[in-house]
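Novice: The chain contents come next:
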Amino acid sequence: MLVSYQWLKNYVDIEDLSAEDAAERLTRGGVEVDMLHNRTEGVEHVVVGYVEECSPHPEADKLSVCVVDTKSAKRTIVCGASNIRAGQKVVTAEPGAVLPGGIEITTTTLRGQESQGMICSLQELGVEQKLVAKEYQDGIYVLPDDAEVGADAVAEIGLRDTVLELDLTPNRPDCLSMLGVAYEMAALLDRDVIHPDTAHKESAEHASDHVSVQVDVPKDNPFYGVKVVKNIVVGPSPQWMQNRLTAAGIRPISNVVDITNYVLLEYGQPLHAFDLDRLGSSEILVRRAGEGEEMTTLDGETRTLSSEHMVITNGKEPVALAGVMGGASSEVQDDTTAVLLEAAYFQPARVRKASRQTGIRSESSIRFEKGIDSGRVEEAAERAASLLETYAGGEVLQGSVEVDHRPAENKKIETSAGQLNGLLGMNLSEDDMLSIFRRLRLPASAEKGGIKVEVPTRRPDLEREVDLAEEAARLYGYEYIPTTLPSGVTTPGFLTDRQRRERHMRRFLESAGLNEALTYTLTSREHSSRLQLHTLPGKVDVSLPMSEERSTMRTSLLPQLLDTVQYNRNRQINDAALFELGSIFIGEPGGTLTKQPQEKTVLAAAVTGWWDTHLWQGEKKKADFFVIKGILEGLFNELGVASEVAFVRSSQAELHPGRSADIYLNGTYAGFTGQLHPSVEKEWDLKEAYVFQLDMDLILSYDAVSVFYETVPRYPAVTRDIALVVDNDVPAGKVERVIREAGGSLLHDISLFDVYQGENLSAGKKSLAFSLVYLDPDRTLTDEEVSRAHDNVLKRLEEEVSAELRK
Amino acid sequence: MIDRLQELGREALEEIKQADSVKALESVRVKYLGKKGPITEVLRGMGQLSEEERPKVGQKANDVREEIKEKLEEKTEQLEKAAIDEKLKAESIDITLPGREVKQGARHPLTAVVEEIEDIFVGLGFQVTKGPEVETDQYNFEKLNLPAEHPARDMQDSFYVTTDMLLRTQTSPVQARTMETFEGQGPVKIVCPGKVYRRDDDDATHSHQFMQIEGLYVDKNVQMSDLKGVLEAFVQKYFGADRSIRLRPSFFPFTEPSVEVDVSCGICGGKGCRVCKYSGWIEVLGAGMIHPNVLEMSGFDPEIYTGFAFGMGVERFAMLKYGIDDIRHFYTNDIRFLNQFKRA
Ligand SMILES: [Zn+2]
Numbered sequence: 001m002l003v004s005y006q007w008l009k010n011y012v013d014i015e016d017l018s019a020e021d022a023a024e025r026l027t028r029g030g031v032e033v034d035m036l037h038n039r040t041e042g043v044e045h046v047v048v049g050y051v052e053e054c055s056p057h058p059e060a061d062k063l064s065v066c067v068v069d070t071k072s073a074k075r076t077i078v079c080g081a082s083n084i085r086a087g088q089k090v091v092t093a094e095p096g097a098v099l100p101g102g103i104e105i106t107t108t109t110l111r112g113q114e115s116q117g118m119i120c121s122l123q124e125l126g127v128e129q130k131l132v133a134k135e136y137q138d139g140i141y142v143l144p145d146d147a148e149v150g151a152d153a154v155a156e157i158g159l160r161d162t163v164l165e166l167d168l169t170p171n172r173p174d175c176l177s178m179l180g181v182a183y184e185m186a187a188l189l190d191r192d193v194i195h196p197d198t199a200h201k202e203s204a205e206h207a208s209d210h211v212s213v214q215v216d217v218p219k220d221n222p223f224y225g226v227k228v229v230k231n232i233v234v235g236p237s238p239q240w241m242q243n244r245l246t247a248a249g250i251r252p253i254s255n256v257v258d259i260t261n262y263v264l265l266e267y268g269q270p271l272h273a274f275d276l277d278r279l280g281s282s283e284i285l286v287r288r289a290g291e292g293e294e295m296t297t298l299d300g301e302t303r304t305l306s307s308e309h310m311v312i313t314n315g316k317e318p319v320a321l322a323g324v325m326g327g328a329s330s331e332v333q334d335d336t337t338a339v340l341l342e343a344a345y346f347q348p349a350r351v352r353k354a355s356r357q358t359g360i361r362s363e364s365s366i367r368f369e370k371g372i373d374s375g376r377v378e379e380a381a382e383r384a385a386s387l388l389e390t391y392a393g394g395e396v397l398q399g400s401v402e403v404d405h406r407p408a409e410n411k412k413i414e415t416s417a418g419q420l421n422g423l424l425g426m427n428l429s430e431d432d433m434l435s436i437f438r439r440l441r442l443p444a445s446a447e448k449g450g451i452k453v454e455v456p457t458r459r460p461d462l463e464r465e466v467d468l469a470e471e472a473a474r475l476y477g478y479e480y481i482p483t484t485l486p487s488g489v490t491t492p493g494f495l496t497d498r499q500r501r502e503r504h505m506r507r508f509l510e511s512a513g514l515n516e517a518l519t520y521t522l523t524s525r526e527h528s529s530r531l532q533l534h535t536l537p538g539k540v541d542v543s544l545p546m547s548e549e550r551s552t553m554r555t556s557l558l559p560q561l562l563d564t565v566q567y568n569r570n571r572q573i574n575d576a577a578l579f580e581l582g583s584i585f586i587g588e589p590g591g592t593l594t595k596q597p598q599e600k601t602v603l604a605a606a607v608t609g610w611w612d613t614h615l616w617q618g619e620k621k622k623a624d625f626f627v628i629k630g631i632l633e634g635l636f637n638e639l640g641v642a643s644e645v646a647f648v649r650s651s652q653a654e655l656h657p658g659r660s661a662d663i664y665l666n667g668t669y670a671g672f673t674g675q676l677h678p679s680v681e682k683e684w685d686l687k688e689a690y691v692f693q694l695d696m697d698l699i700l701s702y703d704a705v706s707v708f709y710e711t712v713p714r715y716p717a718v719t720r721d722i723a724l725v726v727d728n729d730v731p732a733g734k735v736e737r738v739i740r741e742a743g744g745s746l747l748h749d750i751s752l753f754d755v756y757q758g759e760n761l762s763a764g765k766k767s768l769a770f771s772l773v774y775l776d777p778d779r780t781l782t783d784e785e786v787s788r789a790h791d792n793v794l795k796r797l798e799e800e801v802s803a804e805l806r807k
Numbered sequence: 001m002i003d004r005l006q007e008l009g010r011e012a013l014e015e016i017k018q019a020d021s022v023k024a025l026e027s028v029r030v031k032y033l034g035k036k037g038p039i040t041e042v043l044r045g046m047g048q049l050s051e052e053e054r055p056k057v058g059q060k061a062n063d064v065r066e067e068i069k070e071k072l073e074e075k076t077e078q079l080e081k082a083a084i085d086e087k088l089k090a091e092s093i094d095i096t097l098p099g100r101e102v103k104q105g106a107r108h109p110l111t112a113v114v115e116e117i118e119d120i121f122v123g124l125g126f127q128v129t130k131g132p133e134v135e136t137d138q139y140n141f142e143k144l145n146l147p148a149e150h151p152a153r154d155m156q157d158s159f160y161v162t163t164d165m166l167l168r169t170q171t172s173p174v175q176a177r178t179m180e181t182f183e184g185q186g187p188v189k190i191v192c193p194g195k196v197y198r199r200d201d202d203d204a205t206h207s208h209q210f211m212q213i214e215g216l217y218v219d220k221n222v223q224m225s226d227l228k229g230v231l232e233a234f235v236q237k238y239f240g241a242d243r244s245i246r247l248r249p250s251f252f253p254f255t256e257p258s259v260e261v262d263v264s265c266g267i268c269g270g271k272g273c274r275v276c277k278y279s280g281w282i283e284v285l286g287a288g289m290i291h292p293n294v295l296e297m298s299g300f301d302p303e304i305y306t307g308f309a310f311g312m313g314v315e316r317f318a319m320l321k322y323g324i325d326d327i328r329h330f331y332t333n334d335i336r337f338l339n340q341f342k343r344a
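Residue numbers (the numbering used here), protein chains in the order written: chain A, 1 to 807; chain B, 1 to 344.
Quick caveat, the hints were computed from the structure, so don't treat them as lab data.
Careful: at least some of the hints might be erroneous.
Claimed, not checked - Have a look at the derived ranges for each label pair, beta carbon to beta carbon:
(1) B:Arg100 x A:Arg503: 24 to 32 Å
(2) B:Tyr278 x A:Arg525: 42 to 50 Å
(3) A:Ser511 x B:Phe182: 54 to 62 Å
(4) B:Arg100 x A:His748: 28 to 36 Å
(5) B:Arg343 x A:Leu781: 35 to 43 Å
(6) B:Arg343 x A:Ser706: 28 to 36 Å
(7) B:Asp203 x A:Lys201: 50 to 58 Å
(8) B:Lys321 x A:Gly640: 47 to 55 Å
(9) B:Lys321 x A:Glu135: 52 to 60 Å
(10) A:Ser706 x B:Gly99: 54 to 62 Å
(11) B:Tyr278 x A:Arg503: 35 to 43 Å
(12) B:Lys321 x A:Gly450: 44 to 52 Å
Stated by the list, open to error - Dumping the calculated PhoX-like pairs for lysine-lysine here, alpha-carbon to alpha-carbon at most 20 Å:
(13) A:Lys595 x B:Lys23
(14) B:Lys36 x B:Lys23
(15) B:Lys56 x B:Lys75
(16) B:Lys31 x A:Lys629
(17) B:Lys60 x B:Lys31
(18) B:Lys60 x A:Lys621
(19) B:Lys103 x A:Lys620
(20) B:Lys31 x A:Lys600
(21) B:Lys103 x B:Lys31
(22) A:Lys622 x B:Lys103
(23) A:Lys600 x B:Lys195
(24) B:Lys103 x B:Lys321
(25) A:Lys734 x A:Lys682
What the hints assert, rightly or not - Not close to chain A: a few residues of chain B, all C-beta gaps over 10 Å, as computed:
(26) Leu8
(27) Gly58
(28) Lys60
(29) Gly105
(30) Tyr160
(31) Ile282
(32) Met297
(33) Ile304
For clarity, every value in this text was computed on a predicted model and none was experimentally measured.
C-beta: ideal position from N, C-alpha, C; glycine also.
Can you make the complete structure from the sequences, with help from the hints?
Specialist: Take a look at the structure:
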């Protein structure tokens, strides 16, 4: 809602407040003023001029040379507007004048003719093109004849004004009108509200002689009323009215249309004027539209309607889409002489449906959708009649034709000072409360220790006690609410085990050198089939995506993590180590969801480029499979599940077949790791990238091995190193397992310290060197005992993996 | 003989003086003090001396020996120290060369903010709960006092996945879900961080995906003044003890009264500056007393229980804390951006 500060003064006395002050009061009171627009800030030396002479420029067809009297001087001004005539009062920017945007006007020469200033259009004064009345859109603005020559033209037009742009919350549709804002202002300042003048004459003829009204849908349309105004002369509306309309962002059209718009802004009551002679009958019937029924709206579009829509008809055909837009056939035109003025109350939901389905958002539909004041309909109609009489020469016929199904009584809320104080933690007296309700013009009375408040139709947002608490608090001031701490039971705050383990996990990955990334959940269809943890039964698509790039919920964190790596590579950052913890979304087969999709917490990482470098000492190491595996092993250790994890060669098609592994937790599939398949690397323009993705719901639900102290050894350990020669295809992991099993309880630790292939070994063989540590926590081991255990290890190695000791 | 000994002593000392290595000293030692050395040689001829002279010569020989020994030790020590000094000098390095980097990744700034806020509320007796990102219309709207035709639904155009399921537009549905698990028995004290989605075009200040933290406190006799107290405690912990808060009336369908909460500007101290748009205050939270309809729909009797709720945008807190000017940075994950939050 755009509120002209000058206009607002008509309804509430705020002479003592600047526009800025008024805005501040409204904002502090809960009606937020988002912005202030000074309509002509900095515009100077623009005066009313009288065009004494106007003759064609000798050198240019489209220019005129005018002599303009500006009281201080007679100036010769070259003007390019086609509507310039001698005898007009025009907006004259004298040399030295400043126009919006800081444009300075000087004396110039145009085609050999000196021009001492400029004759201005409204656009040149800063009025938006789309808000300028049609007759002035392509030319200069012409002031009324009674404008005083030499006076400030900006003030004369009424552009010395500031517009308050309100950012209204949905509960305050009452402020979609000048009067509503005035009520609010009056409550805040404890002042009176001044209602507009609705007085007009009435002719002997009755409106009911010309029209009858029938409402078939009283639920959708609790009130429908019409007045008839005859002998109208359609023409421009007065300057001040046009100016107020443009301040509110509405373009002036003609006196009849402008008056309906003006009253809409004044009262928040949408009105519609039908051309009585073009209505096609003398009856109005309000009903639901038929399925597929068609009508052409004012904008010239043919609309196909449904039974969800409500229409105003002439008994046969629709003449308006109720509350949204009038029909083209009965539109007021230049030759219109009699109008049927509609003032109705339509239910918000019905109008909203029509507005949504047709895509028409009009000043009218916006107000009906949010809820207008059902008690102000008739007053608004009388106001419009009064204005039509004054500014369109209309003759208002006697009475109105109305169908009224509105509830007879206003809602009442019972409360008490004690209740309201209890909610707010304040200590206001009953009198304080009553005074607040009086300022808000909510009729209230103290009754039997309580307060009874009547809610006028103006404020449909007030429904129950808490709403009154809010009114009391915002008018009294939130700064007077004390600061206390809850007096109830103290309960411990804590993170759950799972939340703590998630944090440990993050900390571990950070200290391993990985940056945490956060990518979007919505992704493209293309991405949603890539690098999935499992083959998923279905995915979750957005019904009306904003773009193909964000059309479906991710099923893997990796595609966007790889996008991130690529994004950085494109900026010459080639080394990346990133992880993300987030959800993937699992749909149902066939694509239709019957219940909320499963959301699985997944951890993913991508590592590429140099991993460990210390260049001036000549060290650099690229990320490889064992880097990412090391991170995973460390992570599993941190999470207390390391002893339950197995890496098994993976068959994931998007990974390098020789450098990838599936990860099992106690026999259950928990994720994968490895180098991306070269074809995948190529797609993302990467070189040797390693990734993992883990099912964290599974891993974090697994009971961690608890930390329990083991005696620090008091007896010496015995270390034996062995170098074994085995076939190339024997995995080191298998050899290690044989050693571990064969070593028995005395084998305390085992570590691989060399892998060798090549010279001195026969083809197809490799050498693995292990260090075995034997220890008994209770005593010193003898050489004999160690040898017995060690021999057993060697024997088993020979039996199970045909290992020979390397000579 | 005494003269001879004296002379030997002088010679030995001179040789010690000339020696430039431990090895050379060793040969001096062998030469003068060895069993075949000249001093032993002299002492062998003692038989020819008189009774009175013998002890004198013996004494002299001992003195000379002792002196040589002493000087040898002294010189050895000197040479060893010189050798060590030489070695250390050779081992000297340029200590201005850079050290070896200890790898350390950065926490995402949004995670840093969420964890800090969680910790503050845990300290105030709250627990942390989470809920689904794909919500039903019922939990995202209806149970929050936003029935199908409510005009406030316009405020947050959303991504639907079916006619009655959507990507949640707020973390508030977690309120309703959590309250239900309490089966009408308070107190309930929770904070719920999470991702939310709205149909916005991404630009410097809008993001179709962002993070919120929702808070909820339900108990008997909870008053609006308690909301003020808890939020002030939180704001002072997060932004600094010298900050104050201000409540401004606002509207949320699920709270009544509803307020926006401003914190005094930390840059200008309330005097007005560019960051606070010259108002001295910065909007940081939405809050209010839980609407009785919401309590009722989640199984709490609004005649017995009251409560307050609050919500904040994580990106906004991060932007204020770290001076970030474009919300898209959080989701672009430029490594040069992320690296700046290692200490966060
Ligand atoms: Zn400031």
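Novice: Could you run down the list of hints and mark each one as holding or not?
Specialist: Against the structure, the hints:
1. Arg100 (chain B) and Arg503 (chain A) have their C-beta atoms about 28 Å apart, which keeps the hinted 24 to 32 Å range intact.
2. Between Tyr278 (chain B) and Arg525 (chain A) the Cβ separation comes to about 47 Å, which falls inside the hinted range of 42 to 50 Å.
3. Taken as a hint, the range 54 to 62 Å is violated for the pair Ser511 (chain A) and Phe182 (chain B), whose Cβ atoms sit roughly 38 Å apart.
4. Remark: the range hint 28 to 36 Å for Arg100 (chain B) to His748 (chain A) is upheld by a beta-carbon distance near 32 Å.
5. With their beta carbons about 49 Å apart, Arg343 (chain B) and Leu781 (chain A) fall outside the hinted range of 35 to 43 Å.
6. A hinted range of 28 to 36 Å holds for the C-beta pair Arg343 (chain B) and Ser706 (chain A), which are about 32 Å apart.
7. The beta-carbon spacing between Asp203 (chain B) and Lys201 (chain A), approximately 56 Å, falls within the hinted interval of 50 to 58 Å.
8. Between Lys321 (chain B) and Gly640 (chain A) the Cβ separation comes to about 34 Å, which falls outside the hinted range of 47 to 55 Å.
9. At about 56 Å, the CB distance of Lys321 (chain B) to Glu135 (chain A) agrees with the hint of 52 to 60 Å.
10. At roughly 37 Å, the beta carbons of Ser706 (chain A) and Gly99 (chain B) sit outside the given window of 54 to 62 Å.
11. The given range of 35 to 43 Å is respected by Tyr278 (chain B) and Arg503 (chain A), whose C-beta atoms sit roughly 40 Å from each other.
12. Roughly 48 Å separates the CB atoms of Lys321 (chain B) and Gly450 (chain A), a value that falls within the hinted 44 to 52 Å.
13. The suggested pairing of Lys595 (chain A) with Lys23 (chain B) is violated, with an alpha-carbon distance near 92 Å, which exceeds 20 Å.
14. For the proposed pair Lys36 (chain B) and Lys23 (chain B), the alpha carbon gap of about 19 Å is at most 20 Å, so the pair holds.
15. Distance hint between Lys56 (chain B) and Lys75 (chain B) is unfulfilled; the C-alpha atoms sit about 28 Å from each other, more than 20 Å.
16. Note on Lys31 (chain B) and Lys629 (chain A): the hinted pairing is violated, with a Cα-Cα distance of about 67 Å set against a maximum of 20 Å.
17. For a cut-off of 20 Å, the pair hint linking Lys60 (chain B) to Lys31 (chain B) stands: about 18 Å separates their Cα positions.
18. Note on Lys60 (chain B) and Lys621 (chain A): the hinted pairing is violated, with a Cα-Cα distance of about 72 Å set against a maximum of 20 Å.
19. Among the hinted pairs, Lys103 (chain B) with Lys620 (chain A) is consistent with the structure: their alpha-carbon atoms are about 14 Å apart, no more than 20 Å.
20. A C-alpha spacing of about 88 Å is found between Lys31 (chain B) and Lys600 (chain A), which places the hinted pair above 20 Å, so the restraint is violated.
21. Taking the CA atoms of Lys103 (chain B) and Lys31 (chain B), the gap is near 61 Å; set against the 20 Å cutoff, the hint is violated.
22. The hinted pair formed by Lys622 (chain A) and Lys103 (chain B) meets the criterion: a straight-line CA distance of about 14 Å does not exceed 20 Å.
23. At roughly 14 Å between alpha-carbon atoms, Lys600 (chain A) and Lys195 (chain B) fall within 20 Å of each other, so this suggested pair holds.
24. For the proposed pair Lys103 (chain B) and Lys321 (chain B), the alpha carbon gap of about 25 Å is over 20 Å, so the pair is violated.
25. The hinted pair formed by Lys734 (chain A) and Lys682 (chain A) fails the criterion: a straight-line CA distance of about 34 Å is larger than 20 Å.
26. Leu8 (chain B), annotated as away from the interface, keeps every beta carbon of chain A farther than 10 Å; the closest lies near 55 Å.
27. The claim that Gly58 (chain B) is not at the interface with chain A holds, since no C-beta of that chain comes within 10 Å of its own (minimum 55 Å).
28. Every CB of chain A is more than 10 Å from the CB of Lys60 (chain B) (nearest about 57 Å), matching its label as outside the interface.
29. Chain A draws Gly105 (chain B) into its interface by the beta-carbon criterion, the shortest separation being 4 Å against a cut-off of 10 Å.
30. Look at Tyr160 (chain B): its CB is around 5 Å from the nearest CB on chain A, not clear of 10 Å, so calling it non-interface is violated.
31. Separation of Ile282 (chain B) from chain A is adequate, the least Cβ-Cβ distance of about 15 Å exceeding the 10 Å criterion.
32. Consistency note on Met297 (chain B): stated as away from chain A, and its beta-carbon is indeed over 10 Å from all of that chain's, at 15 Å minimum.
33. At the 10 Å boundary, the C-beta of Ile304 (chain B) stays outside the reach of chain A, the nearest C-beta of that chain being 12 Å off.
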